[in-house]
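S.K.: From first to last, the protein sequence lines are chains A and B.
Going by our numbering, the residue at position 77 of the first sequence is 77; the numbering climbs one at a time, nothing skipped.
Going by our numbering, the residue at position 113 of the second sequence is 113; the numbering climbs one at a time, nothing skipped.
Keep in mind that the hints were calculated from the coordinates and are not lab data.
Note that CB positions come from ideal geometry on N, CA and C, so glycine has one too.
Take the hints with a grain of salt, since some may be wrong.
[Claimed, not checked] Derived CB-CB ranges, DEER-like: (1) B:CYS13 x A:LYS52: 41 to 49 Å; (2) B:GLU54 x A:SER79: 44 to 52 Å; (3) B:ASP64 x A:GLY29: 45 to 53 Å; (4) B:SER53 x A:ALA53: 33 to 41 Å; (5) B:GLN24 x A:PRO40: 21 to 29 Å; (6) A:GLU16 x B:SER53: 46 to 54 Å; (7) B:SER53 x A:SER3: 25 to 33 Å; (8) A:ARG110 x B:GLY60: 22 to 30 Å; (9) B:GLN41 x A:GLU76: 22 to 30 Å; (10) A:GLU15 x B:SER53: 48 to 56 Å; (11) A:ASN2 x B:GLN41: 15 to 23 Å; (12) B:GLN41 x A:GLN81: 22 to 30 Å; (13) A:GLY29 x B:SER84: 19 to 27 Å.
[Stated by the list, open to error] Listing some non-contacts, in silico: residues in chain B with all C-beta distances to chain A over 10 Å: (14) ILE4; (15) LEU19; (16) GLY60; (17) ASP64; (18) PRO85; (19) SER89; (20) ARG110; (21) VAL114.
[Stated by the list, open to error] Under 7 Å between C-beta atoms, here's a sample of chain B residues computed to sit facing chain A: (22) LEU92; (23) GLU102; (24) ALA103; (25) PHE105; (26) GLY106; (27) GLN107; (28) GLY108.
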Amino acid sequence: GNSVTQMEGPVTLSEEAFLTINCTYTATGYPSLFWYVQYPGEGLQLLLKATKADDKGSNKGFEATYRKETTSFHLEKGSVQVSDSAVYFCALSDLRDNYGQNFVFGPGTRLSVLP
Amino acid sequence: SAVISQKPSRDICQRGTSLTIQCQVDSQVTMMFWYRQQPGQSLTLIATANQGSEATYESGFVIDKFPISRPNLTFSTLTVSNMSPEDSSIYLCSAEGQRYTEAFFGQGTRLTVV
Chain A
1 GNSVTQMEGP VTLSEEAFLT INCTYTATGY PSLFWYVQYP GEGLQLLLKA
51 TKADDKGSNK GFEATYRKET TSFHLEKGSV QVSDSAVYFC ALSDLRDNYG
101 QNFVFGPGTR LSVLP
Chain B
1 SAVISQKPSR DICQRGTSLT IQCQVDSQVT MMFWYRQQPG QSLTLIATAN
51 QGSEATYESG FVIDKFPISR PNLTFSTLTV SNMSPEDSSI YLCSAEGQRY
101 TEAFFGQGTR LTVV
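Chain A with its partners taken away, still in its complex shape:
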């Protein structure tokens, strides 16, 4: 079945440091790929997405590129801020029996950014 693997956290960085959170996936077919962020006490929010190979999703300074050859979708940000402290989930979706989507989430990576 489909699966998503993320680097284990927690990740602790100083403000303005470079961030990479690795994500690799296993899927049949051609899934869409997502990064969701969960701030403390809140639900999940979509951060960015990519729907086909070589697409780059970007939002709020975060970027991730859909790499089919390496089955990866690593999240990067050039300069993190304290407000980026959250849990980040990599996810994929594919068709579920020809209707809707079947989402699979990674285990999440907790990021703490220190001032």
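Put chain B on the given structure of chain A with help from the hints.
M.R.: Relative to chain A, chain B alone:
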């Protein structure tokens, strides 16, 4: 996009009781889902809430424990029945629109069973 309102946002319940969580979407959506997120864990899909028919449950989840309703295209409820401390978790409602768009999430319900 869709905005999802979920309530209650948190509750503390006695074991053996039941809690119903409501999920309201501000637009008609094709699919609605319920997830459980145990402390420090990722999301586990409980079931797909089907409009006008019985929910479709994932392995390990049963209707008697987690009855779900979906009377229309914008509303669903999840009931956690006969609760035990092991049911303490965050429960998340999710909705999807057309194919290959993102999933939208409610803010979650943090349930503590004592």
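S.K.: Indicate, hint by hint, whether the structure satisfies it.
M.R.: How the hints compare with the structure:
At roughly 45 Å, the beta-carbon separation of CYS13 of chain B and LYS52 of chain A lies within the given 41 to 49 Å, and the hint holds. Between GLU54 of chain B and SER79 of chain A the Cβ separation comes to about 50 Å, which falls inside the hinted range of 44 to 52 Å. A beta carbon spacing of about 34 Å between ASP64 of chain B and GLY29 of chain A contradicts the range 45 to 53 Å that was offered as a hint. Remark: the range hint 33 to 41 Å for SER53 of chain B to ALA53 of chain A is upheld by a beta-carbon distance near 36 Å.
The hinted range of 21 to 29 Å is satisfied by GLN24 of chain B and PRO40 of chain A, whose Cβ atoms lie roughly 23 Å apart. In this structure the hint that GLU16 of chain A and SER53 of chain B lie 46 to 54 Å apart at CB holds, the actual value being about 52 Å. A beta carbon spacing of about 29 Å between SER53 of chain B and SER3 of chain A agrees with the range 25 to 33 Å that was offered as a hint. One distance hint, 22 to 30 Å for the beta-carbon pair ARG110 of chain A and GLY60 of chain B, holds here, with the actual separation near 25 Å.
Range check, GLN41 of chain B to GLU76 of chain A: about 25 Å between beta-carbon atoms, so the 22 to 30 Å window is met. Distance hint check: the CB atoms of GLU15 of chain A and SER53 of chain B are about 51 Å apart, consistent with the given range 48 to 56 Å. Evaluation of the 15 to 23 Å hint for ASN2 of chain A and GLN41 of chain B yields a pass: the beta carbon distance comes to about 18 Å. In this structure, GLN41 of chain B and GLN81 of chain A meet the distance hint of 22 to 30 Å, their C-beta atoms being roughly 26 Å apart.
GLY29 of chain A and SER84 of chain B have their C-beta atoms about 39 Å apart, which leaves the hinted 19 to 27 Å range violated. Taking the minimum C-beta to C-beta distance to chain A, about 8 Å, the non-interface status of ILE4 of chain B is violated against the 10 Å cut. Separation of LEU19 of chain B from chain A is adequate, the least Cβ-Cβ distance of about 18 Å exceeding the 10 Å criterion. With a least CB separation of 15 Å from chain A, GLY60 of chain B remains clear of the 10 Å interface cut-off, as annotated.
Its beta-carbon lying about 24 Å from the closest one in chain A, ASP64 of chain B satisfies the requirement of being farther than 10 Å from that chain. Against the 10 Å criterion, PRO85 of chain B stays outside the reach of chain A, whose nearest CB is about 21 Å from its own CB. A cut-off of 10 Å between C-beta atoms confirms that SER89 of chain B is not in contact with chain A; the least separation is 13 Å. The beta carbon of ARG110 of chain B sits about 8 Å from the closest Cβ of chain A, which is not more than 10 Å, so the claim that it is off the interface is violated.
With a least CB separation of 20 Å from chain A, VAL114 of chain B remains clear of the 10 Å interface cut-off, as annotated. Taken as an interface hint, LEU92 of chain B checks out: its beta carbon lies about 6 Å from the nearest beta carbon of chain A, inside 7 Å. Given hint, GLU102 of chain B at the interface with chain A, holds; its Cβ is 5 Å from that chain's nearest Cβ, closer than 7 Å. Among the interface hints, the one on ALA103 of chain B holds; its C-beta lies about 6 Å from the nearest C-beta in chain A, closer than the 7 Å criterion.
Restraint check, PHE105 of chain B versus chain A: the minimum CB separation of about 4 Å is within 7 Å; hint holds. Look at GLY106 of chain B: its Cβ gets to within about 5 Å of chain A, closer than 7 Å, so that hint holds up. Interface restraint check for GLN107 of chain B: the shortest CB-CB distance to chain A comes to about 4 Å, inside 7 Å, so the restraint holds. The criterion of a C-beta within 7 Å of any C-beta in chain A is met by GLY108 of chain B, whose closest approach is roughly 5 Å, and the hint holds.
Hints 3, 13, 14 and 20 from the earlier list are contradicted by this structure; the remaining hints agree with it.
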